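*Asks:* Chains A and B are the protein sequences, given in the same order. First residue of the first sequence? That's 1 in the working numbering, and the numbers climb one at a time after it. First residue of the second sequence? That's 1001 in the working numbering, and the numbers climb one at a time after it.
Treat the hints loosely; a few may be bogus.
Here are some, though not all, of the chain A residues that point toward chain B, as calculated from beta-carbon distances under 8 angstroms [what the hints assert, rightly or not]:
(1) Phe-63
(2) Tyr-117
(3) Thr-174
Chain B residues, not near chain A, derived (Cβ > 12 angstroms throughout) [to be verified]:
(4) Ser-1034
(5) Asp-1091
(6) Glu-1094
(7) Lys-1095
(8) Glu-1117
(9) Gln-1169
(10) Arg-1192
(11) Arg-1200
(12) Asp-1220
(13) Gln-1253
Because the hints were derived from the structure by calculation, they are not lab data. Keep in mind it's a predicted model, so treat the numbers as computed, not measured. Even for Gly, the Cβ is constructed at its ideal location relative to N, Cα and C.
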Amino acid sequence: MSSSTIDTVPAKNSEPLPWSLWFRQIRAIFRLEIEKNFLGRRSILLYLLALLPVGPLLLLAPFTPPGREWQDFTQYNMIFAIYYGGLILRTVVFFGCAWIFMNLFRGDIIDRSLHFYFLSPVRREVLVVGKYLSGLATSMILFTATTVIAMLLLYLPHFPSESSRFFFDGPGMTQLLTYAGITMLACVGYGAFFLVVGLFFRNPIIPAILLYGWEWLNFLLPPLLKKISVIHYLNSLVPVPVSEGPFAVVAEPTPAWIAVPSLVIVTLLVLILASYRIRHMEVRYGSD
Amino acid sequence: MSETTTKLETDQIALRAARAEAPDAQMIVFNNVSKFYGEILGVNRVSLEIAPGITSLVGPNGAGKSTLMNLMTGLLRPSRGTITVLGIPTDNPEKLFRKLGYCTQFDSFPRGLTGREFIKSFLLVHGFARKKADELTETALERVSLTEAANRKIAGYSKGMRQRIRLAQAIAHQPAALILDEPLNGLDPMVRAETIALFRKLAADGLHLIISSHILHEVDTMSDRVILLNNGYVVAEGNIHGVRDEMEEHPMQILIRCDQPSKLAARVFDKDHVVEARLHDDRLGLFVRTRDADRFYLLLNEVVAEGAINIESVAPVDDDLSAVYSYLIGSEGSSA
């Protein structure tokens, strides 16, 4: 028997790389993983996380809460900026990405099903890319939707006509798209980090908590150390800057043209590290 | 259908031609392979050349059978030595798993898939086009008689069905070598017989089949050769009768059914290669232990020719895998 009916990897260095085969394999891995991410039992926690910022805003939608800032439409910019930075970005996206990306490989190891990938004629790097893209799609879809819905739910129920002008004639739409873009970028950065954490640590919770602390305490760090974090680059991009308090060490925000490529480059380096790890990985479920 | 058949036939011819040109590429070769888990020994100094046909790995739990299989498939990496499967190093999964299928012992599956989705999904991961993946899926399901249950979730399958769907997944891409870790576990007798017949057919097609099994009589009947493992070492390998012949420290035991066993005992006992002659409990047979079975059979020919003793049957008693296993590995594993 033979399986010579599909392209195989090049036998000689002079032959072109089998890109079309790799794309097909990435697509197949992506499909399998995306189904698991959205429909698996582990997805319940994700849906709850994604709904976390939406729930309180839904409850507040029928009435305007007391408090001066809630009566003043111009304050809504700041309310959302704080809500986004504190709850959506630092909590929902962070832990959501941790859950999705750490489980991409760790979940398969726990379920004892990783070997099915390892027993397929797939470059391990292709497997990393397929899984990472599936995690990225899942997190981006869920958390970008959360970001957009949360922003709309904050503005529209309380000041419908002002909000309408804000979004269609003012800076609202740009802000909305910027927040959505930051959420996506956060998924890219945190995703790569947590993918690697899931590969290197048997119990990835501890490094995740350490990173969480590092990201929260970022405002206290000296400018140089601030740059060794994801949140610094994301904060540099927010359309409405939020004061970090009297103890914050002020650092110049990184311009978008540096922040975005930096995050992407670091992500690529981390994915190369993940590929190296997965290339040398053995399947020994008992010891995992 | 005819196009598929033609393609497969063409592939077969090409495969055989390639093998004829490069005989080394037909073998699974272990070159002084050791595997340690920290300080714990997995297998040690294994050197083997496994030819096409059915080869069984036999040994007690912890002997190193699964380790050897996982090394062959690159799921584990050797601490020392090298392994090639059909000329391909095991650290090259992109090439290796075009030719190799592995049915592991892990009784777990990706969640939520039906049998058909499971097979097809991983054929797509192989890189097959959708239509070809559909064809291969149906062929594999038919081969393991699971077509009717293919649209049910694997989570609802019985143990035997899960075993068969794993087998289907291992053979779906039509590999040239197939490694099967305890493939008969959990199968009912009917399916077990069908599965063994399938293995024989695959071997007759020129495939390598490496099978580990605890059921010695089945291994004995279906294997072309065996590899006996104990405590991480290969204690014997080859054709089972050849292995038995080489065990000089355990003389071959032969039962001769005849009308005058006492007279036969007296006739054979003075020969230097006969170490024991014992009457059967029913006194209609004689157990003989001999260091040289060939010379003993020649002696029996003489006895028959003399016509004084009427010999009804001659049968080796311990020329099978169970006996070899118990001599080489001990009674602890003989029931395995």
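*Asks:* Go through the hint on Thr-174 of chain A and say holds or violated, using the shortest Cβ distance to chain B against 8 angstroms.
*Replies:* violated, 41 angstroms
*Asks:* When you look at the beta carbon of Arg-1192 of chain B, is every beta carbon of chain A farther off than 12 angstroms?
*Replies:* holds, 23 angstroms
*Asks:* Would the stated hint for Phe-63 of chain A survive a check requiring a Cβ distance to chain B of less than 8 angstroms?
*Replies:* Violated, because the Cβ-Cβ distance from Phe-63 of chain A to chain B comes to roughly 42 angstroms (cut-off 8 angstroms).
*Asks:* Taking C-beta pairs only, is Asp-1220 of chain B more than 12 angstroms away from all of chain A?
*Replies:* It holds; Asp-1220 of chain B is separated from chain A by about 26 angstroms at its closest Cβ, greater than 12 angstroms.
*Asks:* Holds or violated: is there a CB of chain B closer than 8 angstroms to the CB of Tyr-117 of chain A?
*Replies:* OK, holds: Tyr-117 of chain A within 8 angstroms of chain B, min 7 angstroms.
*Asks:* Per the stated criterion, does the least C-beta distance between Asp-1091 of chain B and chain A lie above 12 angstroms, as a non-interface residue requires?
*Replies:* Not fine: 9 angstroms to the nearest Cβ puts Asp-1091 of chain B too close to chain A.
*Asks:* Checking a non-interface call: every C-beta of chain A should be farther than 12 angstroms from the C-beta of Gln-1253 of chain B. Is that right?
*Replies:* holds, 41 angstroms
*Asks:* Arg-1200 of chain B clear of chain A by more than 12 angstroms, beta carbon to beta carbon?
*Replies:* holds, 15 angstroms
*Asks:* Quick one: work out the minimum CB distance from Glu-1117 of chain B to chain A and report holds if it exceeds 12 angstroms, violated otherwise.
*Replies:* violated, 9 angstroms
*Asks:* Non-interface claim for Glu-1094 of chain B: all C-beta distances to chain A beyond 12 angstroms?
*Replies:* The claim breaks: Glu-1094 of chain B does not keep its Cβ more than 12 angstroms from every Cβ of chain A (closest is about 4 angstroms).
*Asks:* In terms of Cβ atoms, is chain A entirely out of 12 angstroms range of Gln-1169 of chain B?
*Replies:* Gln-1169 of chain B is in fact no farther than 12 angstroms from some Cβ atom of chain A, at 7 angstroms.
*Asks:* Confirm or reject: Ser-1034 of chain B is not an interface residue toward chain A, with every Cβ-Cβ distance exceeding 12 angstroms.
*Replies:* holds, 15 angstroms
Hints 1, 3, 5, 6, 7, 8, 9 from the list above are not met by this structure, while the remaining hints are.
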